[in-house]
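**Q** Chain by chain, the residues:
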Amino acid sequence: MTADSKPKTVLYRVLRFEPEGSSNPRWQEYTIPYTSGLTVLDGLWVIKEGVDPSLVWRSSCRMGICGSCGMFINGLPRLSCNTQISELGSSTVEVAPLPNFDILRDLVPDLGPMFDHHQALSPFILRPDREELEKPTAEYYQSSAEMERYLQFSYCIKCASCIAACPTVATDPVYSGPMPLAQAQRYNTDTRDDGFDIRKLALRGPQGPWRCHFAGECSRVCPKGVDPAKAIQLLRRDLVADYLRLRRPTPPAAVVEKPDDIARRPDIPEAPPATV
Amino acid sequence: MQDQKLWTWHLAAGLVILVLLGLHMAIMHLDAALGIFNPSGGHPIDWANVVARGQTLFFSVTYVLLLGVALFHGLYGLRNILLELAPGPGLKTAISWLLIITGVALFVLGTWAAWKAHQVALGGVLV
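Chains as they are written, first to last, in the numbering used here: chain C, 1 to 276; chain W, 277 to 403.
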């Protein structure tokens, strides 16, 4: 669709599901006026505010950060706030809830199973010095190069697009799926973390990365440019190396001691007091 | 543990297959250059050449080794493919056991055949 051929109206085909009514989801059509810069989410608001207030979905930030508005739009999982109508190349917008999840209502998927898998893989820093972790006295040392080993995986916003695109998740409810596995790898790779052996307890079984056959769809649809398929391969590599006892465990990064012999430059003001 | 272990062995078996299958292909198709494995000349699968190879312990052992790793690698791969069809827990267990029994049976049969072939090559009588 070029700038000259923008449609005057957009046809929305929305998959509706009311759990208390008919047991089958049904398609419902709405026609709304097209305005320049209209996103799929904007269009849903136009429908809700002017046509059908019963339409339900999840959304929050409207700027591709919160990960709430993942939907199945014209055959691909995408963030509806991040998807312009003009980039779809069609004046018909087909919106359905993300596949591979049960539907709670209309466009709202039940993300519970995904977050159960996520939680089971301890997606946070695990290390023995709990006191320092809870009440930090200084920073843990980490170089830029060490940070870049996991940085891209930390851009994940848990929007579930990768889970919706994964053919293995579609057939195996035990498999953790791309997001939880990529987050496990993200924390395993973090030099401040010491939780590999704890995450391994879950990862070495059927919840782990073993059933991935590298379709790569998770990486293709990720709206944040994360590469979960790569994380899964790296996770496999580390777990195989661990089984073969080729993995060299390193102690988690230590706290950086504040040097004594430095002073604040007088022209740099003190930071304002903490507000929280 | 199970999947981490099985996957690692799957990879290791693949590497062994790469070497042994490479050796097999070299013997079968590079016989002009590798006449050492075909002492009687002619085609690599001529009876005299097969007997000559079968007399050596190296080939008898590698036949059995290749059979074992190929069965494990292939049947584990087949199991992964079958599990893509989303069988229930009971069927999943049944598939695993069926493949284990099939693999063990074929390995025993193949090992027996390799041992008999070794005996025949050494001048024994095929019974």
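Any given hint could be a false lead.
To be verified - Derived BS3-like pairs: lysine-lysine, alpha-carbon spacing no greater than 27 Å straight-line:
(1) C:K200 - C:K258
(2) C:K230 - C:K200
(3) C:K230 - W:K281
(4) C:K158 - C:K224
(5) C:K200 - W:K281
(6) W:K392 - C:K200
What the hints assert, rightly or not - Listed below are several chain W residues computed to face chain C (Cβ distance under 7 Å; list not exhaustive):
(7) D279
(8) Q280
(9) W283
(10) T284
(11) E360
(12) A362
Everything labelled a hint here was simulated from the structure, so no lab data went into it.
For every residue, glycine included, the Cβ atom is placed at its ideal position computed from N, Cα and C.
**Q** Next step is simple, just say for each hint if it's right about the structure.
**A** Outcome of the hint check:
1. For the suggested pair K200 of chain C and K258 of chain C, the alpha carbons sit about 34 Å apart, so the restraint of at most 27 Å is broken.
2. For the hint linking K230 of chain C to K200 of chain C, the alpha-carbon distance of about 18 Å falls within 27 Å, and the restraint holds.
3. Proximity of K230 of chain C to K281 of chain W is assessed by CA-CA distance (about 21 Å); at most 27 Å being required, the pair is judged to hold.
4. Between K158 of chain C and K224 of chain C, the direct Cα distance comes to roughly 10 Å. Compliance with the 27 Å bound is thereby established for this hinted pair.
5. At most 27 Å may separate the alpha-carbon atoms for a hinted pair to count; K200 of chain C and K281 of chain W meet this at roughly 12 Å.
6. Straight-line distance between C-alpha atoms of K392 of chain W and K200 of chain C comes to about 46 Å, which puts the hinted pair past the 27 Å bound.
7. Residue-level restraint check for D279 of chain W holds (minimum Cβ-Cβ distance to chain C is 4 Å; threshold 7 Å).
8. At about 4 Å, the closest approach between the beta carbon of Q280 of chain W and any beta carbon in chain C falls short of 7 Å, and the interface hint on this residue holds.
9. Given hint, W283 of chain W at the interface with chain C, holds; its Cβ is 5 Å from that chain's nearest Cβ, closer than 7 Å.
10. Annotation: T284 of chain W was flagged as interfacial toward chain C, and the flag holds, the nearest CB pair being 5 Å apart, inside 7 Å.
11. Of the supplied interface hints, the one on E360 of chain W holds, with its beta-carbon coming within about 6 Å of a beta-carbon of chain C, less than 7 Å.
12. Interface hint status for A362 of chain W: upheld, as the beta-carbon distance to the closest one in chain C is roughly 4 Å, under 7 Å.
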